[in-house]
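Construct the complete structure from the given sequences, taking the supplied hints into account.
Here are the chains, one letter per residue:
Protein chains: 2
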Amino acid sequence: MQKIEVKVPAVPQGSYTIAIGADFLDSIIAQIKTLLRDKPLFILTDTNVAKAGHLEKLTAGTKIPCHIITPPGEISKHIATVTKIIEQMEKEALGRDCAVIALGGGTAGDIAGFVAAIYKRGVPVVHIPTTTVSQADSSIGGKTGVDSSISKNAYGAFYHPSAVFIDVATLKTLDEKQFNSGLVESIKHALIADADYFDYLTKNLEDIIARKYEPLEYIARQNCRIKAAVVEEDPCEKNKRRMLNYGHTIGHAVESASEYKLSHGQAVAIGIIAANIIEQKLGIDSKKRLDELKQLFGKLNINLQVPANIKTGELLDIISRDKKAVNKWPRFVLLEKTGKVLCKDGQWACQIEQKIVREAIDILLKQQF
Amino acid sequence: MQKIEVKVPAVPQGSYTIAIGADFLDSIIAQIKTLLRDKPLFILTDTNVAKAGHLEKLTAGTKIPCHIITPPGEISKHIATVTKIIEQMEKEALGRDCAVIALGGGTAGDIAGFVAAIYKRGVPVVHIPTTTVSQADSSIGGKTGVDSSISKNAYGAFYHPSAVFIDVATLKTLDEKQFNSGLVESIKHALIADADYFDYLTKNLEDIIARKYEPLEYIARQNCRIKAAVVEEDPCEKNKRRMLNYGHTIGHAVESASEYKLSHGQAVAIGIIAANIIEQKLGIDSKKRLDELKQLFGKLNINLQVPANIKTGELLDIISRDKKAVNKWPRFVLLEKTGKVLCKDGQWACQIEQKIVREAIDILLKQQF
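Residue numbers (my numbering), protein chains in the order written: chain H, 29 to 397; chain U, 29 to 397.
Warning: the hint list may mix true and false statements.
Since copy identity is lost for identical chains, a pair holds within one copy or between any two.
[Said to hold, decoys possible] Below are the BS3-like pairs computed for lysine-lysine, each with C-alpha atoms no more than 30 Å apart in a straight line:
#1 Lys-352 / Lys-119
#2 Lys-356 / Lys-67
#3 Lys-240 / Lys-352
#4 Lys-266 / Lys-356
#5 Lys-35 / Lys-266
#6 Lys-356 / Lys-35
Hints in this document: simulated from the structure, not taken from any laboratory.
These figures come from a predicted structure and were not determined experimentally.
Here's what the structure looks like:
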């Protein structure tokens, strides 16, 4: 047998800019055109965003082909939506020199990122997130993905955007529930990385809820700073990036078991409580934080009750099929204290016995926390 | 407006090994297990390969979950096949720690590579090509992709394998047409990179057609060497890698217009003739090579007649939608001489007026070459 070695060349370091401001949506297309040297553009958005007037403000009379995802929300984050969009792009005769713009929340961003990653082997994507979740989380970091008929993010790729534009004025059109539940990702960032930021959120929640531009821009900056730092260190989630999954393992399971009747933010809030229960079971003192969290989530009107039809066994089954599972059981991110993730033997996600997780879920479902 | 810069870290250089030999299929799984540290495996193959006995020989009694693509061939290289496979992998409870093995021709390899690229944001893939096309071409270089209902490789990614195993004994089970037409990619490699290799192919064609192991291993090595050198220099097809598309722009159009009744090899042979006609039109002396090519393709029983129902306008229309198109017209790879691609102003693919391409296609369709 003879062997030939094929070298896969290094990909050099790159970078992209997150621009944060208020009320500048109508200047973004011009900035993108300069940045991407007049590539043909294609906009992905959804009916909610279009109805809110953001699409019109963004395009300001210029003609850019557009796909409006309908129905909006998680239910459309499916491979079937991707095939529809790609066929439309082909009909628009867009070649591999085009670029995709995501205007909207996590769903539009995740779909657009994945479409860009796989369209004709990859075209650039620019994110313009318009929700509290997507401005805090999903537009940064290059994770893209859509669901199969069986599970969340069965399809996906790591694919970094060419730019991100965060206009906090777009948050004004969100309803209270969507606005508030999206703040859970900000709380998560504070919990895993910055106790001062957690303090800021606790003290300034009224101004944030009142959607004042200054605190909104402030939290956008904190979120981007925290997430970017983690992603820069571990872009493909080999280890440290896993800390961003705090509250997400059980959160995703609850979200999935509810058939997405629970919002992502509500599910993650429940997942954060579950993580806290596990922490307490392991003897990491976190009772004080549990009280702070219950108060914070309470002010945001986030219901921490898991729907009664969801049972422990079902959640454990979903967890065993988590995409991060190794030997059919995922690792869990836990806090050492507010602002600091527990790092054990160099690992930012820990192996936790199924028994402990089962007990924690029982407590969660019975609301005994 | 405030700006935050996100660094996308460099991805370091990697490498993978192509092992070339004869009759060692039954030792490959053990080698993969060592290489990938016992990751759960999933095999993708097709009914032809299974019928030929290669799947049985590969697995040799070990139980590895498997998807057998049916019907075999280009028609299954569609996003719908990908969704079917991914749902099967989910049902097998395969996590992101699994790896995909492609056993078969270009279709199995392209599908498996794409599935691996997008399954749970990416798992390793190992190629075991079993056809002349895939051993020469598609298993090396990291191009993956599947078709939409509108065009070829509308979906795709650049995704390098973890290893490639080329067992030339698997070629024994191919029918004559498939074996011969697959040699067109070897001829293409010789044309773009190595006049001595072109000479070898001309002189040793009988032994190759007789499927003697020694010349088959020799051409496998030449093909891998040539393709690897190009891919190493330009993995994402920014420029030099385009030379591998010699004969493919018009070839793909003919293949597509024939609704894939023409084999890929036959279509590329026709595309190579078309490229030669364009070269002659541009005053690059290539008449002698045209005669050599006609003789070579003749010995391989490759029909250079474009089906009568295909018209020039249809081909031009398909070419304008080529995924490499910029402003709706692709660049064309041409030869300066046998073994050397024409490089103009640092570009390995040239802008050619539509008028010249139209005239060349007219000559091609009327068989006036």
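**OP:** Can you give me the call for Lys-35 and Lys-266, within, between, both or neither, at a CA distance of at most 30 Å?
**Re:** both (22 Å within a copy, 17 Å between copies)
**OP:** Using 30 Å as the alpha carbon limit, work out where Lys-356 and Lys-35 are close: within a copy, between copies, both or neither.
**Re:** Neither, since 33 Å and 33 Å both go past 30 Å.
Subject >> Intra- versus inter-copy proximity for Lys-119 and Lys-352 (alpha-carbon distance at most 30 Å) >> reply: This pair counts as between: shortest inter-copy Cα distance 16 Å, intra-copy 36 Å.
Subject >> Status of Lys-356 relative to Lys-266 across identical chains (alpha carbons, at most 30 Å) >> reply: within (17 Å within a copy, 40 Å between copies)
Subject >> Within, between, both or neither: Lys-240, Lys-352 at alpha-carbon 30 Å >> reply: neither (38 Å within a copy, 47 Å between copies)
Original post:
Checking Lys-356 and Lys-67: alpha-carbon separation at most 30 Å within a copy, between copies, both or neither?
Top reply: between (44 Å within a copy, 12 Å between copies)
Of the numbered hints given earlier, the model fails hints 3 and 6; all others are met.
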